[in-house]
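Number of protein chains: 2
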Amino acid sequence: MLKNDLLLKALRKEKVSRPPVWMMRQAGRYLPEYQVLKAKYDFFTRVQTPELACEITLQPIDSMGVDAAIIFSDILVIPQVMGMTVLMEEGKGPLLPNTIKSAKDVDKLEVTTAAENLKYVYDALSLTKRELNNRVPLIGFAGAPFTLLCYMVEGKGSKGFDKAKSFCFTQPDLSASLLQKITDVTIQYLIRQIKAGADVVQIFDSWSGLLSPDDFDRFALPYLLQIAESVSPHAPVILFPKGSNYALSSLSQNKSVSGIGIDWTIRPSVAREQTQHRVTLQGNFDPSKLLLPPSEIRKEVHHMISEFGVNGYIANLGHGIMPHIPVDHAKAFVDAVKEYQE
Amino acid sequence: MLKNDLLLKALRKEKVSRPPVWMMRQAGRYLPEYQVLKAKYDFFTRVQTPELACEITLQPIDSMGVDAAIIFSDILVIPQVMGMTVLMEEGKGPLLPNTIKSAKDVDKLEVTTAAENLKYVYDALSLTKRELNNRVPLIGFAGAPFTLLCYMVEGKGSKGFDKAKSFCFTQPDLSASLLQKITDVTIQYLIRQIKAGADVVQIFDSWSGLLSPDDFDRFALPYLLQIAESVSPHAPVILFPKGSNYALSSLSQNKSVSGIGIDWTIRPSVAREQTQHRVTLQGNFDPSKLLLPPSEIRKEVHHMISEFGVNGYIANLGHGIMPHIPVDHAKAFVDAVKEYQE
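Heads up: the protein sequence lines correspond to chains A and B, in order. Mapping to the numbering used here: the first sequence position 191 is 644, numbers consecutive. Mapping to the numbering used here: the second sequence position 266 is 719, numbers consecutive.
Next comes chain A alone, as it looks inside the complex (with noise of 0.2 Å):
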């Protein structure tokens, strides 16, 4: 059905005659077509409608040639549909002004009505799915639950969400709590975005490098893996618990899970080493690199593309994408994927 679904065929670690490729914030501001909509719509006006969420998802399709769309959206859409503020200040980064204090603030949280309140994120999906017309598949995503806690609890970015980690280690009870219900919340979502037309979902765990292997396993591991074994039945799930290397092989031992994203900061045998090919990695390519001329980034993208091997792999940045990188630059990379030969 899908006319091109190397995607998928490398979630199922099947052969294929090159990796796919896509690049995170493929949808996103260093496209000159995205500045237009960004200068006459503001963030959540762009997010929460439809046909727009669905032109932003489109253009990299069009201009980009990447082998899967992302649907535009962002992961504190959750938060807001629990029943917290979150404000997005162009060029800031989000501020939830109210943030996660007290037994009381759980307490509070919406969990049975969220997810069906995100009907504009199943709408841009489905609009999204028709409009793609099986070029390519579609990925639905959602933050982890760990990475929510530290923007619910420190209120903003950070570089270290030092007062989201005390929070974890001082009120342990009660950060399972509002782990277990942001996780409850991502399931109903992530579910009701494949039945939207989502043909894969990643899980962004943004901030779970800043746990040590111990406090991943309490307070990322448990409801990573929750997340992944209830949706895994209805689409291949990929885990992006950023800088988590640690957790690289016990994550690739359970079978719910298809894919990893990994960063730079781990040399593609190294990974491969860990996960033995029980899943399909992603990744790892500095976004920094994309500043280099077009032909140094085909050397690099195909020296990355001879460590991890063909099949099993999906190459993508080891982050976003950033403003700043000239378009020519990302086509560059995405070309050089394309055209790679073993």
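Hints were generated in silico from the structure; no laboratory data involved. Be a bit skeptical, because a hint or two may be false.
To be verified - Straight-line distance between alpha carbons at most 30 Å, and here's what the computed DSS-like set of lysine-lysine pairs gives:
| id | chain 1 | residue 1 | chain 2 | residue 2 |
| --- | --- | --- | --- | --- |
| 1 | B | Lys648 | B | Lys456 |
| 2 | B | Lys612 | A | Lys554 |
| 3 | A | Lys493 | B | Lys616 |
| 4 | B | Lys634 | B | Lys557 |
| 5 | A | Lys554 | B | Lys784 |
| 6 | A | Lys491 | B | Lys609 |
| 7 | A | Lys612 | B | Lys493 |
| 8 | B | Lys752 | A | Lys554 |
| 9 | B | Lys612 | A | Lys491 |
| 10 | A | Lys616 | A | Lys708 |
| 11 | A | Lys609 | B | Lys616 |
| 12 | A | Lys616 | B | Lys791 |
| 13 | A | Lys784 | A | Lys468 |
| 14 | A | Lys791 | B | Lys648 |
| 15 | B | Lys752 | B | Lys791 |
| 16 | B | Lys609 | A | Lys612 |
| 17 | B | Lys554 | B | Lys493 |
| 18 | B | Lys634 | B | Lys616 |
As the list claims (entries may be wrong) - Under 10 Å between C-beta atoms, here's a sample of chain B residues computed to sit facing chain A:
| id | residue |
| --- | --- |
| 19 | Ala617 |
| 20 | Ser665 |
| 21 | Pro666 |
| 22 | Ser697 |
| 23 | Val723 |
| 24 | Pro740 |
| 25 | Lys742 |
| 26 | Leu745 |
| 27 | Pro746 |
Note that the Cβ used here is the ideal one computed from N, Cα and C, for glycine as well.
Given chain A, work out where chain B should sit, using these hints.
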């Protein structure tokens, strides 16, 4: 001569009854007696006045009972004496308004006479050494070349130092020449620190963990090793390449490295496995855990020591202590190490 030489013994991997303990940023904002001086004198006055730097250095020796003093100073004094303007805005971090952009900027940097212009650091060390009266060893320090390049190119603190990294990637020859200049000054600087009274030196590579293993080998490792090899004949060298866990094995194989600092993102047992008691390990308590009740801090500290083992180990945090940590919690950390029994 030293009444308490636990730190030196640990760095020589000699048998000890318990590990030595100190805390990164132990002379800092969590101490009320430091706040008194901070209210009276601005940052660079505190750094550049030997009597003040000495007083601040001694504060945690008296109030915390740590097993080592570390001179109160800043890694950015090196860019300063190399000719760059460095401003420190309280609560906002450093600002270098004229960043390094081109070969001309690198050419202008002073190398030959830079280190001798840090007389106030050497005076602070001599004075502190005298005032310590051999109670505990005195640690000198410097920023690692890659970390200093980060600030010199980026101009301020940053989550990912993408500008600095892109500078390295796109201008590798110019970066090499900048890194070499910083290295040359740093070697002179550390040898002079030792002559002035430092018993041990630590090199802080706070941002090396933002590099991939291959890029660490290009932009961080060679300069760290040059420094270690030139300085280690004069005093033991501790390297702290924060987050570069991938480098532990290779760094530990260099005989000029006595100690390696690690943060909490690696299990003690894994760090031991990779370094095989070739070096002393230092760390790796998550500073966010200092908000736990003192009784739980004690439990966690004892667990940490039992994982590292008593010998070839220096108990420390995995990053600097934060300003909002209660003094009695910091004291609980130190006391827990001192009361540890196998």
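Hint check results:
no. : hint                 : result
1   : B:Lys648 to B:Lys456 : holds, 20 Å
2   : B:Lys612 to A:Lys554 : holds, 26 Å
3   : A:Lys493 to B:Lys616 : holds, 29 Å
4   : B:Lys634 to B:Lys557 : holds, 14 Å
5   : A:Lys554 to B:Lys784 : holds, 26 Å
6   : A:Lys491 to B:Lys609 : holds, 28 Å
7   : A:Lys612 to B:Lys493 : holds, 29 Å
8   : B:Lys752 to A:Lys554 : holds, 25 Å
9   : B:Lys612 to A:Lys491 : holds, 24 Å
10  : A:Lys616 to A:Lys708 : violated, 34 Å
11  : A:Lys609 to B:Lys616 : holds, 23 Å
12  : A:Lys616 to B:Lys791 : holds, 28 Å
13  : A:Lys784 to A:Lys468 : holds, 25 Å
14  : A:Lys791 to B:Lys648 : violated, 58 Å
15  : B:Lys752 to B:Lys791 : holds, 13 Å
16  : B:Lys609 to A:Lys612 : holds, 14 Å
17  : B:Lys554 to B:Lys493 : violated, 36 Å
18  : B:Lys634 to B:Lys616 : holds, 20 Å
19  : Ala617               : holds, 9 Å
20  : Ser665               : holds, 4 Å
21  : Pro666               : holds, 5 Å
22  : Ser697               : holds, 8 Å
23  : Val723               : holds, 7 Å
24  : Pro740               : holds, 7 Å
25  : Lys742               : holds, 5 Å
26  : Leu745               : holds, 6 Å
27  : Pro746               : holds, 8 Å
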